[in-house]
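Using the sequences and the hints given, assemble the complete structure.
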Amino acid sequence: MSHPASASRYFVPQPSHWPLVGSCALLLLASGAVLMMNSIANGGFVLIAGFAVLATMLFGWFGRVIGESEGQRYNMQVDRSFRWAMGWFIFSEVMFFVAFFGALFYIRVLAIPDLASPAQAALWEGFQDSWPSAGPGASDPFSKMHAWGVPAINTLLLLSSGATLTWAHWGLVAEKRSQLIIGLALTIALGVLFLCLQVFEYGEAYEHMNLKLTTGVYGSTFFMLTGFHGFHVTLGVTMLTVILVRVLKGHFTAERHFAFEGVAWYWHFVDVVWLGLFIVIYWL
Amino acid sequence: MHATSHTGYAGHHDHDSHAHPTGWKRWVTTTNHKDIGSMYLWFSFVMFLVGGAMSLIIRAELFTPGLQYVSPEFYNQMLTLHALIMVFGAIMPAFVGFANWMIPMMIGASDMAFARMNNWSFWLLPPAAILLTASIFVPGGAAGTGWTLYPPLSIQMGMGMDMAIFAVHILGMSSIMGSINIITTILNMRTPGMTLMKMPLFCWTWLVTAFLLIASMPILAGAVTMLLTDRHFGTSFFAAAGGGDPVLFQHIFWFFGHPEVYIIALPAFGVVSHVIPAFSRKPLFGYVSMVYAIAAIGLISFFVWAHHMYVTGIPLTGQLYFMYATMLIAVPTGVKVFNWVTTMWRGSLTFETPMLFALGFLVLFTIGGLTGLVLAMTAVDIQLQDTYYVVAHFHYVMVAGALFSAYAGLYFWLPKWTGHMYNESIGKLHFWLSMIFFNIAFFPQHFLGLAGMPRRIPDYAQQFADFNVISGIGAFGFGFSQLLVLVVVFQTVRGGARAGSRPWDGAHGLEWTLPSPAPYHTFEDPPPFNQAEAHG
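These protein sequence lines map, in sequence, to chains A and B. In this text, residue positions in the first sequence follow the numbering used here: the first is 1, and each later residue adds one. In this text, residue positions in the second sequence follow the numbering used here: the first is 1001, and each later residue adds one.
Keep in mind the hints are simulated off the structure, nothing from the lab. Take the hints with a grain of salt, since some may be wrong.
Computed far set for chain B versus chain A, every beta-carbon distance over 10 Å [unchecked claim]: (1) Leu1320; (2) Tyr1321; (3) Leu1450.
Below, a sample of chain B positions facing chain A; criterion: calculated Cβ distance under 7 Å [stated by the list, open to error]: (4) Asn1119; (5) Ile1170; (6) Ile1180; (7) Thr1184; (8) Ala1215; (9) Val1493; (10) Gly1495; (11) Gly1496.
Glycine residues also receive a C-beta, built at the ideal position from the N, C-alpha and C atoms.
Have a look at this one:
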């Protein structure tokens, strides 16, 4: 290339087959999921094939981007573009959680009191307005999740992981590679510990508390909100691991390391969502 | 104005030494915004024909009372897929196609900010289209709930509903990626000197539209995810016995659904804001107020959703709030209509095809907007909810609004894209046939609705027969008139009178400083921004 990363010229990537591979992956994933959910043979294989193609695409595409980045192909304008894009992507993720938080608030503030109102007495006699509730059709007793056990420890873990990640960032900016590596490794460890505790908590809920995904709206909102959050933590841990591997390979400089910052933004977003969950799902 | 200056910013490219893929590989691997824009436009036209064929099945069935050609279940599937395909497959991709082609050229950028992701945004559309259309052939058929996918009906549907849900997920990913790309391009890639308030209005409409998409598509994703888990994993979001509420789905859906209306309308406003000044040979009147009106419409669109739900049981105070909030949107929309009209005031007007479609848009969209105000009134809407009046209203907004504006844009920019002038006689014929048949098809539906004919029902009472015949004739006429677009586009791509760099003498903006056809790579370096070109 005759114009590497010059300030005034735009960067346009080479033609790439990865978008088409990604689309094939999503078609396979969607078809496989539809087949599985409707108990049609071989759905699982289609789904696994979808995941395999998706993984290939992610490795190939991100590998390409990392190569371009390390090859000094990106100028400051590209760097700014990445910042805008990551910000808007996180905003879209926020809006996804807004739908589920909104559903929770609607159910607690409107749906449950309405079902317990005198107007509904003919249909749902004796149903009391209370939370948690599995709805008027439920007869199975279940236990409520309490905030000050495992969830409180998990809050502490995630908040600490935010601190260790910032400490790692300071290390990156100050060219202290060992601080960077230790900080990242600690963050990943805290994230994995969080996920282990969440798996333990789900196990407790299913084994001893009779609290399941099918336990009316309480089960639905609890498992869907914490489940999607846990999925995002898993994504965050995966991305942090990629960053750690790149750090070990000697990537990033004190000035240019947006991949690290973007993942850090994402991690803090996951952290903030958890605080919302802790307050409205576990505590109140 | 820049007859000699354009050559410096066109043609040369630092990738010229590489062999670019040719044939089909060019299209599946491309990172060029013009290629991707063309693919979006072709895809949307194909989907427009598919969705249009479905609407003709609907109109054929409604031509006479009684059940003629299709079963009620299949009729429901047709009206559902017609809506989903037209909204997500035809209109939205058409304006994304315009955005891809025009935004980089309007702001002096070489391409979109994320050229590879741009290609993925496009290539996500075919899998979604495959899922939607293939769902007709699976056991139980396609989703038959209407595009709103309301539970409990959507909980009871067969696997076609699951395919629709995943199609919506994939379309949502495509829209979010496309929107992030467009926002980043507009905010970060403008040529030096082009401040936001000097940016062409089409870019402004897309900036706000992209924001609406990023904010609302994840909400829809959440809604259909809850549907999916209610269907297959035993959750109770929309089941009263479990403490949920089917009305909850309506709230979440319309929190997406109403911004979606403006996602379709705003880029249409943007196109018209370029076409009317060009053929009035005057700058757009009230540029700043236009920008604020776009932003206001975008913002208010998030606070009016329950006007779709007056009869589903919301409190009186809620009804009043949503009525007034909805009427508030008429203010910025009115600002825009008055500004377009004032732009034409004392202009030297000519009436080439783009201008005709823009004027058709202006008249018919205003009618659709006014019937929207009628429907905004709770007391009236309780009578008109789910009647053909609503169908007439939103087809005036969606077809005569969005589609006519898309045609205005197509005829306006086709010379820039192909380097040839289109056939003006066929263009005008296309406009007049569309204008006349559209009104024959949809104006009588106002009367049907006022008389009480319900929508989404394949049969109707005898007294509605005459207007349905008229509407059916209009629909078939309108449908077949659209094939003229194919003739025009094929002719223009293959040849015709040479178009200069500025084929419309009243058009301004950086895109008109480029030669026609626009070279494959444009603006390798940021071009100088002439203040006189501002407010294209």
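### Query
Can you name, in rising order, the numbers of the hints this structure does not satisfy?
9, 10 and 11
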